[in-house]
Structure formats: structure tokens, C-alpha cells
Amino acid sequence: MSSVVDKQPAVPDAARLPAAFKKRPKHPATRAYGLFRVLALVIIVLTFLAPLVWMVLSSLKTNVDIYDPTAAFVFSPTLQNYETVFGQASYLQYIFNSFWIGIWATVLSMILGVPAAYSMSRFVMKKSAAVVLMARIIPGVSLLVPWYFVFSNLGLVGGYSVLILSHMFVLLPLFVYIMMSFFDSLPLELEEQGQVDGLTPIGAFLRIALPLSVPGIATASILSFIFSWNNFMFALVLSGSSTKTLPVAIFDFVAYASIDWGGLMAAAVIITVPIMVIALFTQKYIVSGLTAGATKG
Amino acid sequence: MKSPRVLRVAGITTAALLAVGTLASCSSDTGGGDGSGVLNITLANHVWTDAIKESLPEFEQESGIDVNLTQLGEDQLSDQYNVKLNAGTNEIDVMMYRPLQEGKLFAQNKWVADITEQVEGAEDWDWSDFQEGPVEATTVEDAVVGVPIITEREVLYYRTDLLEAAGLEVPTTLEELEAAAAQISEANPGVAGFVARTGASAAVTQFSSYLYSEGGTWIDDDGNAAIDTPEAKSAYEFYGTLLREHGPDNVSTDMSWPEAMAIFTQGNAAFYTDADSLYKNAVDPASSTVADTVGFAQFPAGEDGSKPYNVPSWALGIAAESENSENAWEFIQWATSQEKMLELQQAGVPGSRVSVWEDPSATEDYPADLLEAINASFDVGVGFDRPLVISVAEVREIVGMPIVESITGGDVDAAIENAQSQFQEFLDDERG
Chain L
26 MSSVVDKQPA VPDAARLPAA FKKRPKHPAT RAYGLFRVLA LVIIVLTFLA PLVWMVLSSL
86 KTNVDIYDPT AAFVFSPTLQ NYETVFGQAS YLQYIFNSFW IGIWATVLSM ILGVPAAYSM
146 SRFVMKKSAA VVLMARIIPG VSLLVPWYFV FSNLGLVGGY SVLILSHMFV LLPLFVYIMM
206 SFFDSLPLEL EEQGQVDGLT PIGAFLRIAL PLSVPGIATA SILSFIFSWN NFMFALVLSG
266 SSTKTLPVAI FDFVAYASID WGGLMAAAVI ITVPIMVIAL FTQKYIVSGL TAGATKG
Chain V
42 MKSPRVLRVA GITTAALLAV GTLASCSSDT GGGDGSGVLN ITLANHVWTD AIKESLPEFE
102 QESGIDVNLT QLGEDQLSDQ YNVKLNAGTN EIDVMMYRPL QEGKLFAQNK WVADITEQVE
162 GAEDWDWSDF QEGPVEATTV EDAVVGVPII TEREVLYYRT DLLEAAGLEV PTTLEELEAA
222 AAQISEANPG VAGFVARTGA SAAVTQFSSY LYSEGGTWID DDGNAAIDTP EAKSAYEFYG
282 TLLREHGPDN VSTDMSWPEA MAIFTQGNAA FYTDADSLYK NAVDPASSTV ADTVGFAQFP
342 AGEDGSKPYN VPSWALGIAA ESENSENAWE FIQWATSQEK MLELQQAGVP GSRVSVWEDP
402 SATEDYPADL LEAINASFDV GVGFDRPLVI SVAEVREIVG MPIVESITGG DVDAAIENAQ
462 SQFQEFLDDE RG
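Heads up: the sequence lines are chains L and V, in that order. When we follow this note's numbering, the leftmost residue of the first sequence carries the number 26, and every step to the right adds one. When we follow this note's numbering, the leftmost residue of the second sequence carries the number 42, and every step to the right adds one.
Derived from the structure by calculation, the hints contain no laboratory data. Some hints could be false.
[What the hints assert, rightly or not] Here are the simulated SDA-like pairs of lysine to any residue, each with C-alpha atoms no more than 20 Å apart in a straight line:
| # | chain 1 | residue 1 | chain 2 | residue 2 |
| --- | --- | --- | --- | --- |
| 1 | V | LYS94 | L | ALA280 |
| 2 | V | LYS321 | L | ASP93 |
| 3 | V | LYS145 | V | VAL430 |
| 4 | V | LYS151 | V | ASN123 |
| 5 | L | LYS151 | L | LEU211 |
| 6 | V | LYS94 | L | VAL279 |
| 7 | V | LYS94 | L | SER267 |
Using the sequences and the accompanying hints, generate a full structural model.
Right, dumping it as C-alpha cells:
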């Protein structure tokens, strides 16, 4: 930035503008780069978009059309698949389950994880941090048998609480680690300043560190919610027929000797849409979460 | 200044704890498993399950037993059993399982109860009415651990219009099948002569009929691996060649039935061999563009005659830890009674009772040629479609490798030799 600012006064305004216009065509390398950038973007976007487009189109097709390459884009759309999903498959219940579990697991992880991360960051508790990270490293599948044993003896299997707890097991370390690095980057001086002005250490956390770390909390919350929303393994074993989450419920369309691809795709659209909407609206927090801070540079 | 902040934090913490507490207390009551009147039934997604589900209220009314039904896809069901039964749960009473895929494992781990006394004691229900092959598969070391409910056989699916246009008869031997597939694919560009499963593990069960018909088997009488015999070799080579030379262009080597069936139902293949239980996919206009021109025939004969598998794909068992086994047995008796099985067979689920198959009303809706093919398979069928071992999934990968090698035109002999030695090692390990 500084170099541009330095040069500005040297060139009079009137002379600068036409020069800038003339300059553009003179840089074929820049144009080639621009072209390359657009091309690369198009290729990447198409690659990521293709499965989604295929999914949405398939959800509007009959099972015969889904397998027919000639009906890839030209077909007579039907809403029958969506009727199946909301009618006989009682998806509203599963959507509610997924939301309920995702929100609670995220909120509880936040309440426990943010103060934990703060203290680990401020009081340099490397070992505790390592222990928390262990939970993230252990493959979830190896925990399923002992969990099932414990929770079924507690009579919790099949309820919401066990799913929330199991998701928290993964979300809590996620929160702690994202927030730890966030607090690490907050200058200690800000809180010291607050304490000089009469805040307690906890007050400094609540009034200074916490408000400044909102973007970090948002990032961690969104990532947590997405994890919980997509989690299949824990829900498969620990949920009951009325507390099933969407990723488990989607397998109802796959039977031993028949697969309802249309219904499957309609259900997949329903699973994907909420999370995409959430991601779109909260995108700016994720981005600012990576760059924000009290002082720049 | 100090105390309000502390109170605030304390408040948040209390709120959190309360929330957890409330959630725990409002956890649903579907779990339970305290041996109460509720019978927990775990079933796979299947036409059979859909039909049974509809008549469940009838059972609940008759017996006064409350049923809690859990329904899952076959792989998810397996995962659940592996976790829950391993943890010694008593929350599963009746379990639907695949005798050939998991039966030995479950029996060895003592996850399924021995119900020999019950099946032999129930005279009205008549255990002797069940087909011999399927019963063999649900009997482990002389103990009956399951009641077969659904059976299937490998049959030849073909396109009547393509055969007619080529002036061909329905092939009755594997040689004729190859010749017909070659002729049709030459005459109809874009249409493959033949299609079948190609994935290493998925193809094993459908390849088994080729293996038996050529005179081979998986494991010989002494319990040793037998996939390097000349008979087995010729079966591997035949299956691979058929797909390589006359199969779809650039055939993928990870097709299971949904992919292979899709090629057939889109009208892109003349012949297809797979389980008869899939026939509705081919004859239902909602999923097939060739619904009107599908024909069925008995599995073609090889060197050793026509030897398709005839297996029980699903059975009902009682979990060993169930505290509700009497009610569980009552449910099984009801679901596998002669009249129920007749009803289910009419709904399109091939059952396991001899008397039901003999009843013409049971199969009214079946295509006549399919019924003929099925009946012919009963007499010559082999009771297993994969090696009978404990870790079936693992062994399917081993014995399936030469199939893939053969389809891609690689060195089949080397692949067979390799698979044979791995298979032998595996068997030695499993015997301990």
C-alpha cells in the first residue's frame, strides 16, 4: 500500500487519468492473466457445481429418466419425489431432529469451549490443550462400542441428549482450537488496559476479549453446526427411530433389491439447501474471522 | 464490581448445566430395553419389511405385544448389529440378518440365540415345510439360529425383441450365451451383448453360479481353497471374457446390481445374469424402459450342467441377550406362518416354504417364464453363493480380484494364483 500512496502526489491528476486508460492494452501479460483467471474460475465453479446441478435435476426426474443420458437436461419435471419425501417418509421430523441436535450441540460447545480456550490461551496450558486435541484425533468409530455400552446402561440411547453429547465430543475441541489461536492473536495489552481501568480478569474477558472474538466464534459455530448436520456415524448407532437425523434417514431410500434414486436425490437436496443457505449468509463472518482483530498490521 | 461478573459467569454455567439436565431427562423413551412388554424388531429396508409393516397392527392386536420397529439399509443394519451386539445390548429382540454374509460370525460370537427347540416344537407352524437349502444356511453346527424368510436364485434376464430380431433361441448353455451375445452386439451397435456385476466384491455372488456350473467351487471337501482348479480357472476366464468382449464399451470394474441393472433397463444390453429377487426393477415401467420385452430363463448350463445358487438372502433370528425371547419367537412364528408367507409371496417376495411355492395363487403375478426358471433352479440349485466363512466381506475381496483382472484382460492365471494363496492363508487363519 505504502508505495502507491507515495507515488500519487508526483503525477498531476489530469495527466494521470488518460495515462491509466492508455496503459491497459499495453499489458498483454495482464490480459492473459485475466483470461486465465476467468477460465480457471469457470472450470473450478463448474466442477463443484456439476454434482449439485445433477442432484437437483435428478430430484425432479422419474427413476427411468435418471439413468437415461438423453434425458440429462430435457425431461418432463415431476414433484413426485418431493411428495414422497415429505409425505410417506416424514422428513419434517428428521429435519427438526437435525436442527435441534445441531443447534444444541453448537451452543453448548460454545458455552464450554470459548472460556476454556481463553484460559488455555492466556495461562499457557499446553498439556490441557493437547488432551483436548486427543479427542479430535481418536477415530470416532472406535468410541462407538464403549459409548453405546455406557449410554444404553444410562438409558439414554435413542434420545436427543446422547446425540448432542456425542457431537459435542467432536465440536468442543474444534471450538477450543479455533478460539485458542484467535485469543492468541488478541493483544494482551487491550485487556491489561481494561484492568488498569478497573476491570476484573473475568470482566476483561467478557467486556474486551469476547466482543472482539465474535468473528472467531461465528466461524467455529458454523463449522460446528455443519459437522453436526452432516454427521452420520454417531447418529446411526445412537439415534432411535424418532430421533433419526437426516444423513441416516436418507438411507431409507436404499433397499435390498430396489433403490429409489429420485427420492434419494430429493432428500439430498433438502439436506443440502439449509446448510448452503446458512453458509451463504454467514460467509462474511467466516472471512472476517480469518482477518479481523483489534489492531491491524 | 467483582461479584456481578462472577454471578454472570456462574449464571451461564448453571444455565448450561440445567440445559444438559433437561435434555437428559427429556430423552426419548424409545430406548428402554428393560424387558418390558415392548418388542424391539430390527429389519432391513426390503419389500418384505414394507409388507410386514403394514400388517403389524394386526399382530399387535392379536398378541397384545407392542412392537418397536427399527428399519435400516443393509449395510447400516450390519454396522448397528456389530456395535450394539458387541456391547451386549438387550435392546434388540428380533433381528433380520443375512445368513450367508453374517450368519457364521453372529453364531460364533453367540449374538443369535439357538432356537432349535422352538422351531422343532411348533407343530402347527411346521418347520419341515421350509426348503432344505435355506434351512441348511440358517443352521450352524447343528443349532438352528434363524428362520429363512426370503430366498433368491440367479437367473438369466434377456431381451425378447433383440433375440427375435437376431433369430436366436434362448441360450441354454454358457457357450450359446456367448455366441448369442456376440451376434447381438455385432448387429446392434451401441447395445452390449451381455452385462453383469463387475465390482470385485459385488460380483462374487453372481459369479458363483458360473463357478458351480463349470464344475468348480470355493472350498473343497477338505476345507482348502479351491479357486485354482482348472474348472474355476475356466469360470473366471469365461465370465471376464464375456464382459470384456461382449459387454458395454469401456466397462467399469466397480458395478454392483444397481449399475448393471440400469444398463439393462435402459435397453443397452441383451443379456444380464443376476438374482431373481431384482426382477421388479426390470419389468416395472416406472424403472425400466424395456419392461415389455424382458424375458427370463434358467441359468445356462456349463460343463457341469446348470447350477445356479439358491440361497436364503434374509432370515429372522432372536438376539441371544434378548429378555423378550418368548414374544420374539411369537413374532417370528406369525411373520413366517404359512398364510403370512403366502401373502408376502403374492406381494412379490420369494419365500422359503415349499407349500407356498406349490400354491399357484402365490405366484400369479410372476412372469410365467420367471416362475419356470425359478422352479427349475430349485432342483439343481446350490445352497450358497459365496465362500462360507466367518469374515465374508474380507474373503469376497480376495476371491473377487481375479474376476476384475479377467474383465480388464490382465494376467488371470497370476491373479488366480495370488488369490488362491491369500484365500488359503485366510482359511488357515480362520481355523486357527
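Verification of the hints:
1. Note on LYS94 of chain V and ALA280 of chain L: the hinted pairing holds, with a Cα-Cα distance of about 15 Å set against a maximum of 20 Å.
2. For a cut-off of 20 Å, the pair hint linking LYS321 of chain V to ASP93 of chain L stands: about 18 Å separates their Cα positions.
3. Annotation: proposed proximity of LYS145 of chain V to VAL430 of chain V holds, straight-line Cα distance about 7 Å (limit 20 Å).
4. Our distance criterion of 20 Å between C-alpha atoms is met by LYS151 of chain V and ASN123 of chain V, whose separation comes to about 12 Å.
5. Between the alpha carbons of LYS151 of chain L and LEU211 of chain L the distance comes to roughly 18 Å, so the proposed pair stays at or under 20 Å and holds.
6. Proposed proximity of LYS94 of chain V and VAL279 of chain L is supported: the alpha carbons are some 17 Å apart, at most 20 Å.
7. Restraint check for LYS94 of chain V and SER267 of chain L: the C-alpha separation of about 16 Å stays at or below 20 Å, so the hint holds.
The earlier numbered hints are all upheld by this structure, with none contradicted.
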